[in-house]
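*Asks:* So you can see what is in the structure, the chains are spelled out below.
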Amino acid sequence: EVQLVESGGGLVQPGGSLRLSCSVSGFTFSRHYMSWVRQAPGKGLEWVAKIRPDGSAKSYVDSVKGRFTISRDNAKNSLYLQMSSLRVEDTAIYYCAKEEYYRYDYWGQGTLVSVSS
Amino acid sequence: QSGLTQPPSASGSPGQSVTISCTGTSSDIGAYNYVSWYQQHPGKAPKLMLYEVNKRPSGVPDRFSGSKSGNTASLTVSGLQAEDEADYYCSSYAGSKNVIFGGGTKLTVL
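Residue numbers (this note's numbering), protein chains in the order written: chain A, 66 to 182; chain B, 74 to 183.
Please keep in mind that the hints were generated in silico from the structure rather than gathered at the bench. Virtual Cβ for every residue (Gly too), placed ideally from N, Cα, C. Any given hint could be a false lead.
Stated by the list, open to error - Below, a sample of chain B positions facing chain A; criterion: calculated Cβ distance under 8 angstroms: (1) 118; (2) 119; (3) 121; (4) 124; (5) 130; (6) 166; (7) 172; (8) 176.
With the rest of the complex left out, here is chain A (with noise of 0.2 angstroms):
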């Protein structure tokens, strides 16, 4: 059975910092590529992040570039996601998908991000 457990999330102020991190389970996660998708309360999906399987490319919504950095771990079988510079509008559910070909297949049950002073 596919899992994928995000932690980390929490209440943080504004220009904080939080790590995020996803345990995955179920499949070869070394062969995937592992994406980052948030949900602000009440409003639509969004792609945050994505990374390549070996973890040589990444790439990111224009709105956290510079601000976010998303890394695995293949060994320990983890997806994470450094977040800094943190700002009020990042306050979201983070969700950790797997990819395959710009589809999410698999979700996490996801981890509550709020910003706020």
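On the provided structure of chain A, position chain B as indicated by the hints.
*Replies:* Chain B in isolation, oriented as in the chain A frame:
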């Protein structure tokens, strides 16, 4: 990186069919067949329902179908059932390794 356009709401009675549209541009939906649809029930993670315009993952009922014409993709749910009531999101590859989503459509089963 503008989003795709979906109607905010749609509705139908049990047993009926409903179609949800998703409009993009010649740089996303019009350029690629990487259109997907997701179903999201309240408080739950999204679930992939269709990919590459009209392909269903294993386990998704064939009541769900998809199509594309030009810059617009559509999701049709036939034989509506109560459990189909949810939010539906379309997405498309938009080049430069990016995926964009629609704003979502709330489907109500009357």
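*Asks:* Would the stated hint for residue 166 of chain B survive a check requiring a Cβ distance to chain A of less than 8 angstroms?
*Replies:* holds, 4 angstroms
*Asks:* Given residue 176 of chain B as an interface hint, is its Cβ closer than 8 angstroms to any Cβ of chain A?
*Replies:* holds, 5 angstroms
*Asks:* Using 8 angstroms as the Cβ threshold, decide whether residue 119 of chain B counts as touching chain A.
*Replies:* holds, 6 angstroms
*Asks:* Is the hint on residue 124 of chain B kept, meaning its closest Cβ partner in chain A is under 8 angstroms away?
*Replies:* holds, 4 angstroms
*Asks:* With 8 angstroms as the cut and Cβ atoms as the points, is residue 118 of chain B at the interface with chain A?
*Replies:* Holds: closest Cβ of chain A sits about 4 angstroms from residue 118 of chain B, inside 8 angstroms.
*Asks:* Would you check whether residue 121 of chain B satisfies its interface hint, that is, whether its CB is within less than 8 angstroms of any CB in chain A?
*Replies:* holds, 5 angstroms
*Asks:* Using 8 angstroms as the Cβ threshold, decide whether residue 172 of chain B counts as touching chain A.
*Replies:* Since the shortest Cβ distance to chain A is 5 angstroms, the answer is holds.
*Asks:* Min Cβ distance, residue 130 of chain B to chain A: is it shorter than 8 angstroms?
*Replies:* holds, 6 angstroms
Checked against the numbered hints listed earlier, the structure breaks none of them; every hint is satisfied.
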